[in-house]
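I would like the entire structure built from these sequences, with the hints used as guidance.
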Amino acid sequence: MNAPDKNPPATLSDGVVDWLTNGTRDERFIDNIFAQMCLRLQQAGIPLKRSTLHVLIHHPQWLGARFMWSDGMREAEIARVDYDVRERSEFIGSPANEMFEGATEVRENLERDPALGRKHALYDEMRTKGLTDYVAWPLYHTLGKRHLVTFATDRPGGFNDAHIAALKKLLPVLALVSEIRIKNRLARTLLETYVGSHAGELILAGATRRGTGTTVRAAIMICDLRDFTKISDNWPRDDVIDLLNDYFDAMSEPIARHGGEILKFIGDGLLAIFPLSQPNACANLLHAVTEARAAMVALNERNNGSGRAPLNYGIGVHVGDVMYGNIGSTTRLDFTVIGPAVNMASRLEALTKQLGKKVLLSRAFADLVEPRFELERVGEHEVRGFSEPIELFAFEPGPTT
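Be aware that the sequence shown starts at 1, since it is given in our numbering, and climbs by one per residue.
Source of the hints: derived by calculation from the structure; they are not laboratory data. Note that beta-carbon positions come from the ideal geometry of N, C-alpha and C, so glycine has one too. Treat the hints with care, as some may be off.
Stated by the list, open to error - Derived lysine-lysine pairs resembling PhoX-like cross-links, with alpha carbons at most 25 Å apart: (1) Lys-358 <-> Lys-230; (2) Lys-353 <-> Lys-230; (3) Lys-119 <-> Lys-129; (4) Lys-183 <-> Lys-119; (5) Lys-264 <-> Lys-353; (6) Lys-145 <-> Lys-169; (7) Lys-169 <-> Lys-264; (8) Lys-230 <-> Lys-264; (9) Lys-129 <-> Lys-145; (10) Lys-169 <-> Lys-183; (11) Lys-357 <-> Lys-230; (12) Lys-183 <-> Lys-129; (13) Lys-168 <-> Lys-145; (14) Lys-145 <-> Lys-264.
Said to hold, decoys possible - Label-pair distances were calculated between CB atoms; the ranges are: (15) Arg-146 <-> Gly-385: 53 to 63 Å; (16) Pro-275 <-> Gly-385: 33 to 43 Å; (17) Ile-266 <-> Gly-15: 29 to 39 Å.
Written as structure tokens, this is what we have:
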């Protein structure tokens with residue numbers, strides 16, 4: 001029996017493998033690592049002209065992302081891939097499609113007669129750019145997850161055996177390096193999705209101990225959908241889910257656009273804050289409410305066309321100090337805000353039904369936005385849980401507010 005080779009033959013990519021292993025520890029983003037890897041492969045003598053990395057990220061909006069590098073680029077281009085891609089021609093019959101169905105390698109000689117090769121627009125596009133050879137391999141991550149990396153050249157005759165061996169040697173290390181970055185990005189994305197960007201950053205920075213938190217002065221906004229119980233009892237389940245998603249889109253996107261942070265969805269309601277550390281936080285909240293109103297009007301017009309009843313909502317707004325941090329049991333925590341100011345916003349939202357106003361503001365909040373916004377004084381009212389009557393203002397946003 002022959003003894004195993006203790007010193008396997010060197011390949012053109014050995015230096016790049018060493019760099020991937022030891023030289024990328026301080027690089028956070030996989031797209032930067034990928035672009036640098038391609039440049040280093042060129043410097044090592046591999047005639048690389050184009051390369052792509054396709055990863056599944058399972059973002060709420062996006063199935064995955066594609067990083068593309070081509071000769072002359074210092075950075076990789078990033079394109080997001082939506083969930084419907086597998087039903088479109090750009091995917092059907094593509095190398096990604098073949099990998100999805102279990103292929104372990106896709107190699108295409110782009111110099112031969114196109115009639116003899118695979119039929120897909122991607123191959124035609126590469127031929128028009130003078131590419132001569134293309135190879136794609138899966139990148140294996142843990143628990144059976146597969147991603148995809150591709151390489152192409154314009155060298156006459158395509159990649160030779162030494163080039164292919166060098167590229168294959170990269171794959172296990174690239175898989176490890178990419179998995180770490182993708183999982184870091186996935187963790188960040190999940191936190192941003194479920195607790196908000198600011199809370200997500202705090203949690204990633206180590207703010208995970210129960211009872212830890214900070215006092216934040218903020219404008220608080222609580223929004224609730226009207227007659228939701230009746231809707232959920234009478235409409236099909238899928239329609240109710242679609243309705244809620246459309247409603248939350250109409251409300252949430254303006255909040256995020258104007259610097260607010262949604263801390264939680266509670267059934268058909270939401271809680272958002274605009275920290276006063278941000279310039280014009282209170283004005284930004286009312287700009288968000290104005291845009292949300294316009295989005296709800298548009299949503300109701302679309303729903304009317306499909307025979308659905310219009311959606312109504314109420315918003316309560318207050319300003320004050322809130323405790324912002326970890327609250328919950330020993331095994332299940334919620335990163336949220338609590339305090340009398342939050343309770344006040346909740347009570348004002350409930351009063352919108354009684355007073356027939358869509359948006360109610362406390363005197364404390366109104367003092368911070370007058371006279372830039374036209375507000376309607378609706379008098380002093382008893383607020384459950386508070387000993388003194390509270391002076392309230394209504395805000396009826398219009399298209400020119």
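Hint-by-hint comparison with the structure:
1. Lys-358 <-> Lys-230: Holds, because 19 Å separates the two Cα atoms, which is no more than 25 Å.
2. Lys-353 <-> Lys-230: Judged against 25 Å, a Cα distance of about 16 Å means the pair holds.
3. Lys-119 <-> Lys-129: 17 Å, holds
4. Lys-183 <-> Lys-119: 34 Å, violated
5. Lys-264 <-> Lys-353: Since the Cα atoms of Lys-264 and Lys-353 sit roughly 22 Å apart, the hinted pair holds (cutoff 25 Å).
6. Lys-145 <-> Lys-169: OK: Lys-145 and Lys-169 at ~19 Å, within 25 Å.
7. Lys-169 <-> Lys-264: Not OK: Lys-169 and Lys-264 at ~46 Å, beyond 25 Å, violated.
8. Lys-230 <-> Lys-264: 23 Å, holds
9. Lys-129 <-> Lys-145: 32 Å, violated
10. Lys-169 <-> Lys-183: 23 Å, holds
11. Lys-357 <-> Lys-230: Roughly 20 Å separates the two Cα atoms, so the pair holds.
12. Lys-183 <-> Lys-129: 34 Å, violated
13. Lys-168 <-> Lys-145: 18 Å, holds
14. Lys-145 <-> Lys-264: 31 Å, violated
15. Arg-146 <-> Gly-385: 53 to 63 Å: For Gly-385 against Arg-146, whose Cβ atoms are near 55 Å apart, the range 53 to 63 Å holds.
16. Pro-275 <-> Gly-385: 33 to 43 Å: With a Cβ separation near 24 Å, Pro-275 and Gly-385 fall outside 33 to 43 Å, so the hint is violated.
17. Ile-266 <-> Gly-15: 29 to 39 Å: Violated: the Cβ-Cβ distance is about 55 Å, outside 29 to 39 Å.
Checked against the numbered hints above, the structure violates hints 4, 7, 9, 12, 14, 16 and 17; every other hint is satisfied.
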